Amino acid sequence: MPRELLKGNVAFAEAAIRAGCEAYFGYPITPQTEALEHMARRMPELGRAFVQAESEVAAINMVYGAATAGVRVMTSSSSPGVSLMMEGLSYIAGSRVPMVLVDIMRGGPGLGNIAPAQSDYNQMVKGGPHGDMHMIALAPATVQELIDLTVLAFELAERYRCIATVLADGSLGQMMEPAELPPMREPRPVEQRPSWALTGARGREPHAITSIYLDPEEEEAYNRELQATYRAIERDEVRFEEERLDDARIAVVAFGTAGRLSLTAIEAARTAGVKVGLLRPVTLYPFPEERLRRLAEEVDAILVVEMNAGQMLTDVRRATRERVPVHFFGRTGGVVPMPEEVLDAIYELQDTLVPEEAMA
Amino acid sequence: MTVEAPRRTLAPVVSYPEALAPTPTHYCPGCTHGVAHRLVAEVIDELGLREDTIGVASVGCSVFAYNYFALDFAQAPHGRAPAMATGLKRTSPGKTVFTYQGDGDLASIGAAEILHAAARGEKITVIFINNAIYGMTGGQMAPTTLAGQRTSSSPLGRDVATQGYPLKMSELLAQVDGAAYIARQSLHDVVHIRRAKKAIRKAFEVQQQGLGFAMVELLSSCPTNWGLDAQQALDFIRDEMVPAYPLGEFRALAKVEPGGDGHAGAKEGR
Numbered sequence: 001m002p003r004e005l006l007k008g009n010v011a012f013a014e015a016a017i018r019a020g021c022e023a024y025f026g027y028p029i030t031p032q033t034e035a036l037e038h039m040a041r042r043m044p045e046l047g048r049a050f051v052q053a054e055s056e057v058a059a060i061n062m063v064y065g066a067a068t069a070g071v072r073v074m075t076s077s078s079s080p081g082v083s084l085m086m087e088g089l090s091y092i093a094g095s096r097v098p099m100v101l102v103d104i105m106r107g108g109p110g111l112g113n114i115a116p117a118q119s120d121y122n123q124m125v126k127g128g129p130h131g132d133m134h135m136i137a138l139a140p141a142t143v144q145e146l147i148d149l150t151v152l153a154f155e156l157a158e159r160y161r162c163i164a165t166v167l168a169d170g171s172l173g174q175m176m177e178p179a180e181l182p183p184m185r186e187p188r189p190v191e192q193r194p195s196w197a198l199t200g201a202r203g204r205e206p207h208a209i210t211s212i213y214l215d216p217e218e219e220e221a222y223n224r225e226l227q228a229t230y231r232a233i234e235r236d237e238v239r240f241e242e243e244r245l246d247d248a249r250i251a252v253v254a255f256g257t258a259g260r261l262s263l264t265a266i267e268a269a270r271t272a273g274v275k276v277g278l279l280r281p282v283t284l285y286p287f288p289e290e291r292l293r294r295l296a297e298e299v300d301a302i303l304v305v306e307m308n309a310g311q312m313l314t315d316v317r318r319a320t321r322e323r324v325p326v327h328f329f330g331r332t333g334g335v336v337p338m339p340e341e342v343l344d345a346i347y348e349l350q351d352t353l354v355p356e357e358a359m360a
Numbered sequence: 001m002t003v004e005a006p007r008r009t010l011a012p013v014v015s016y017p018e019a020l021a022p023t024p025t026h027y028c029p030g031c032t033h034g035v036a037h038r039l040v041a042e043v044i045d046e047l048g049l050r051e052d053t054i055g056v057a058s059v060g061c062s063v064f065a066y067n068y069f070a071l072d073f074a075q076a077p078h079g080r081a082p083a084m085a086t087g088l089k090r091t092s093p094g095k096t097v098f099t100y101q102g103d104g105d106l107a108s109i110g111a112a113e114i115l116h117a118a119a120r121g122e123k124i125t126v127i128f129i130n131n132a133i134y135g136m137t138g139g140q141m142a143p144t145t146l147a148g149q150r151t152s153s154s155p156l157g158r159d160v161a162t163q164g165y166p167l168k169m170s171e172l173l174a175q176v177d178g179a180a181y182i183a184r185q186s187l188h189d190v191v192h193i194r195r196a197k198k199a200i201r202k203a204f205e206v207q208q209q210g211l212g213f214a215m216v217e218l219l220s221s222c223p224t225n226w227g228l229d230a231q232q233a234l235d236f237i238r239d240e241m242v243p244a245y246p247l248g249e250f251r252a253l254a255k256v257e258p259g260g261d262g263h264a265g266a267k268e269g270r
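Chains as they are written, first to last, in our numbering: chain A, 1 to 360; chain B, 1 to 270.
By construction, these hints were calculated from the structure, which means they are not laboratory data. Among the clues, some could well be false.
[To be verified] Residues of chain A placed beyond 10 angstroms of chain B at every Cβ, according to the derived structure:
1) A67
2) R202
3) P206
4) R224
[Claimed, not checked] One side only, chain A facing chain B, incomplete, derived with CB under 7 angstroms:
5) P44
6) A69
7) T210
This structure is a prediction, so every number in the text was calculated from the model and none was measured. For glycine and all other residues, C-beta sits at the position ideal for the given N, C-alpha and C.
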């Protein structure tokens with residue numbers, strides 16, 4: 001496939017189509033609406049399902065219904081809209097049907113604004129939905145990665161029969177970059193839908209897809225199955241990227257756009273002789289626990305950079321067991337930090353370290 | 001010469017519908033959920049749809065409906081069954097999809113979902129149980145609770161000045177262009193049960209014909225939460241509910257031949 005100049009929202013929608021997404025249900029909300037508009041045009045022309053729902057509440061339940069039919073299905077939204085989906089997400093996790101959700105995050109809380117933010121981290125990674133459940137959370141930093149992780153989300157959702165989310169901020173949804181789309185994968189034929197799907201009980205016992213277990217012991221046994229799945233995800237699906245950590249004394253830990261703009265600051269700091277590198281978690285759930293544990297032994301200080309008030313920060317502190325000083329720089333409310341600000345934060349941190357010559 | 005006596009076989013007077021699972025229900029004695037379940041199952045059998053039907057259960061007393069039907073079933077969040085049914089039907093257009101919802105589910109928390117499923121003309125069938133009360137949570141006021149009716153959350157009787165008026169969902173949805181069949185029937189005696197079955201059958205046939213959204217509202221009993229015995233509860237439907245909720249077809253589109261006019265390949269007829 002040739003590289004094309006693609007807008008993030010259009011790119012992930014088209015990537016989903018090419019990943020064999022058979023149904024899309026959504027509701028307009030800035031800054032992700034171009035995805036819904038792309039689906040409105042493309043899905044019907046491919047003979048696939050598209051409904052503009054009456055609300056995000058309805059959209060997520062349409063997704064739930066289509067997921068029980070065993071098709072690849074997705075929705076996308078932005079922060080306030082995703083809040084409305086929490087009920088449905090809990091039922092979907094509790095029923096173990098696969099689906100994909102893309103959250104193009106914006107400033108909040110409340111109606112907030114339509115500027116880029118990363119303040120849905122806690123909601124998406126720590127669980128906004130009720131109950132003991134997790135959703136895989138993938139955090140792209142470029143339009144290309146947004147495409148690739150959307151495709152991966154469908155694969156992971158199906159492999160683990162779980163919810164896979166892509167957590168990107170408004171700037172990624174709105175920016176245009178050259179990127180390559182995957183080849184078209186046709187939806188699987190009806191007769192190849194998964195064995196657990198609701199297809200009408202033809203020549204077999206009926207299936208029920210439900211999340212209610214009135215007997216607490218039975219519910220607990222079901223919870224154990226769910227937890228076993230989450231342990232497998234935590235073991236096998238951790239993804240992260242490293243830049244210039246080999247000799248680093250300072251590690252910046254940042255995801256998505258914050259990771260990308262931090263890299264600009266890191267390159268500048270390197271030019272000035274500061275030994276600094278980047279750890280960019282690509283999966284926020286599962287979190288790169290083990291890598292951070294080791295990182296705490298390797299560097300003298302960590303700087304967490306986020307476009308929120310410090311949500312991943314608590315996870316970094318936990319994973320590093322505070323064996324290394326963990327500092328924070330963040331902007332909130334839709335303000336995107338400038339690389340210069342991150343550079344200043346790196347210099348400030350550098351000043352707190354014992355000079356290398358003194359340690360020799 | 002011997003004449004062989006003609007062999008006589010007894011036609012079964014009562015049989016168990018194939019679409020109904022042979023499972024004892026958890027419904028209270030005197031509750032008409034069992035009757036409604038059986039009517040739906042009989043219609044599915046008669047139309048030969050058992051192996052091509054997917055049901056969507058709701059939240060309320062009928063939350064476990066999937067245990068009582070021998071059909072593929074999903075269980076929806078409170079009020080969201082029409083949205084789930086939309087997702088199912090749009091991705092399995094060849095299947096028959098129906099929801100089974102109570103009045104709290106459909107007329108209160110799920111008012112938006114039912115209205116818009118009707119507006120979109122979703123080709124689904126909705127079985128709507130109106131017993132004028134919240135059953136599963138123990139007898140609170142429903143949107144369909146009658147004016148003056150005592151419930152645990154309207155202990156002095158529903159005061160329409162502060163607690164609003166009963167919602168007539170069939171009349172409301174009959175105004176929606178996407179609705180192809182809207183009827184209200186009652187389960188309080190045999191005559192009405194037979195009429196209810198006819199309406200249910202039409203509501204499934206409408207889906208088979210691809211005409212649009214279909215709903216049958218069934219006036220039902222809740223002796224436990226009404227504080228009545230089984231017979232008194234049926235009398236309450238007849239004497240109190242039927243006057244407040246008139247029975248009949250509120251919208252019934254008939255299929256027209258190609259070339260005919262009328263919206264969405266259908267025309268209005270009673």
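- Item | Hints violated by the structure (numbers, ascending) | 1, 2, 3 and 5
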